[in-house]
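Residue numbers (the working numbering), protein chains in the order written: chain A, 2 to 318; chain B, 174 to 422.
Quick caveat, the hints were computed from the structure, so don't treat them as lab data.
Do not rely on the hints blindly, as some may be mistaken.
Straight-line alpha carbon distances no greater than 35 Å define the calculated DSBU-like cross-link-like pairs of lysine-lysine that follow [stated by the list, open to error]:
id, chain 1, residue 1, chain 2, residue 2
1, B, 287, B, 302
2, B, 227, A, 142
3, A, 164, B, 227
4, A, 290, B, 316
5, B, 227, A, 175
6, A, 290, B, 314
7, A, 290, B, 401
Incomplete in silico selection of chain B near chain A, CB under 10 Å [to be verified]:
id, residue
8, 294
9, 298
10, 350
11, 356
12, 376
Don't be surprised by glycine CBs; every beta carbon is placed ideally from N, CA and C.
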Amino acid sequence: MSLFKKFHLLLKNKYVLILAILFSLFIGVTAAQEDVSCYHCHTKVVTEFRNNIHYDKGFNCANCHGGADTSNASVISYSVMSGDFIGRPTRNHITDICSKCHVKETEDYKTSIHWDAIEKGHPEAATCTDCHGIHEIRAIKDPNSSSNHHNSPVTCAKCHSNKEMMSAWYYGIKADRFDTYKESFHWRALDKGYTLVATCADCHENHKTKTHTDPTSSTYPENLPKTCGKENCHVGVNFDAKVAGGLVHDKESLHTGELVFNKSSMDPHMRDYYLGPFDLAYWIAIFFKILTTTVIGFFTGMVILDFLSRLKIHRRF
Amino acid sequence: MSRQKLIEVSASRKIGDRNMGEIFFKRFTFNQLAQHWIMIGTFMLLVVSGMPLKFPDAWWSPVIINLLGGFSMRTQIHHAAGIGMVVLGVYHVVYHVFVDKESLLDRKVWPTLKDAKDFWQTILFYLGKADHPKYGRYSWKEKFDYWGAFWGMVMLCVTGLIMLFPFQAMEVIPYAYVHLSTIVHTDEALLATLFIFIVHWWNVHYCPEVFPMSKAWLTGNLSEEQMKHEHPLEYEEAMRQMNEKGGNS
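Model the full assembly from the supplied sequences, consistent with the hints where possible.
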């Protein structure tokens with residue numbers, strides 16, 4: 002009797018359990034049918050958005066993509082696709098969205114050569130999302146952020162190492178900017194884990210990126226002392242920029258002789274400014290190649306001959 | 174020709190030593206030995222901490238940097254050792270030019286016509302067509318070692334200091350020359366390293382006569398046997414002077 006009673010109780014409990022599960026399933030399904038969220042279709046995008054600094058601050062899809070924001074903040078409902086919904090903005094309109102909040106940054110960006118190119122009808126020029134990410138915009142301080150200080154070379158290289166892109170619409174840009182940066186002490190230190198060095202944005206400015214022939218550019222020869230002498234960098238720089246200019250990026254082309262033999266593409270003002278010593282550098286690099294090969298080759302030969310002579314002659318003296 | 178120098182023969186008579194009575198020839202003063210030891214120490218530190226930066230893409234580059242304790246430690250080691258080497262170089266020149274009393278022209282490190290002849294004779298000897306040349310105090314190889322190191326020290330110290338204080342240097346020279354110094358510094362360093370590791374170490378370490386090493390760098394002395402073999406002319410001169418001295422007394 003007691004056994005039956007116990008079994009009966011257990012069964013009863015099980016029914017209760019099953020009922021509860023069925024009920025919650027029902028609720029879940031009906032609720033989901035009412036709220037078809039962005040997540041249902043844009044699973045990847047919304048997952049990326051979870052890492053976005055804007056998600057942490059309480060923004061949602063509608064804040065950028067427009068539309069009626071009627072539901073919960075994280076994964077809003079399909080009703081968003083009404084009203085002023087803009088969907089996927091074109092590249093030249095991305096700044097319009099970001100500038101809603103980031104006024105100062107957009108203002109700075111609009112003085113850059115990137116924006117200049119977009120305005121000239123080259124929408125592939127870098128805009129906000131190329132550096133900061135599209136849906137996975139992380140805080141600048143986040144080490145995983147593509148616009149973090151030490152990720153800046155790789156981020157810029159996405160476009161600036163792309164030969165087709167660099168030659169397609171702007172003849173003056175070489176695709177070896179990252180490769181030549183790799184020749185510098187800055188990169189070598191950064192690559193080995195020492196992050197207190199200059200990366201792209203430190204010299205070229207993150208938003209106000211300009212060509213080095215532009216007098217307002219941070220990399221314009223006359224402005225270099227100020228740029229190098231920034232806080233936390235080479236503080237106290239006090240040198241005459243007129244003599245202290247130089248081709249930071251062209252050490253590699255020295256070794257290949259590209260710069261020495263191909264000066265025609267250079268702006269005449271810049272050519273007078275920079276070149277001269279760089280011809281010397283090319284020949285010095287060649288000189289050391291020859292000197293090292295000759296001296297080491299010759300003396301290694303002597304060592305080998307010395308060794309062989311000892312095999313033949315037992316008593317040398 | 175200074176007679177005093179040549180007959181600096183130190184006799185070792187340690188009681189109970191089975192080499193009792195063996196004569197040693199003074200080759201280097203303690204001052205010179207100490208300079209060489211400091212040179213070895215700083216040079217090794219500089220090579221180990223510098224080469225990972227010359228070849229940053231090599232597999233061993235991050236390994237060595239980690240062993241040294243990270244990149245900034247590597248830089249500090251390189252700077253400290255580099256300053257040590259600059260001080261050593263300045264000391265060397267100041268001591269041997271201004272303090273050492275021997276007249277500069279009488280020094281036996283200057284290359285002479287005999288060295289050129291010896292050089293040619295060495296090649297002929299290696300090819301089995303001549304006798305081995307007889308060397309004086311310094312052979313042409315040793316002179317090349319010395320002047321090679323001298324040239325290298327000048328190049329490396331000057332370019333190293335430029336790179337250590339780039340913006341101070343830029344008050345005097347254009348930025349382009351700072352770049353030049355990175356080329357000169359690393360290429361010259363590679364040459365020096367290869368030369369030391371291949372040629373110099375063959376002469377003083379690997380060569381069967383002295384293997385595992387010539388003890389002259391520790392004691393400053395050469396044995397009579399070594400002296401006869403490696404510097405026969407100097408040996409003869411020293412013996413002649415000793416006999417003269419002995420005859421006089």
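Hints violated by the structure (listed by number, smallest first): The structure conflicts with hints 7 and 8, although it agrees with all the remaining ones.
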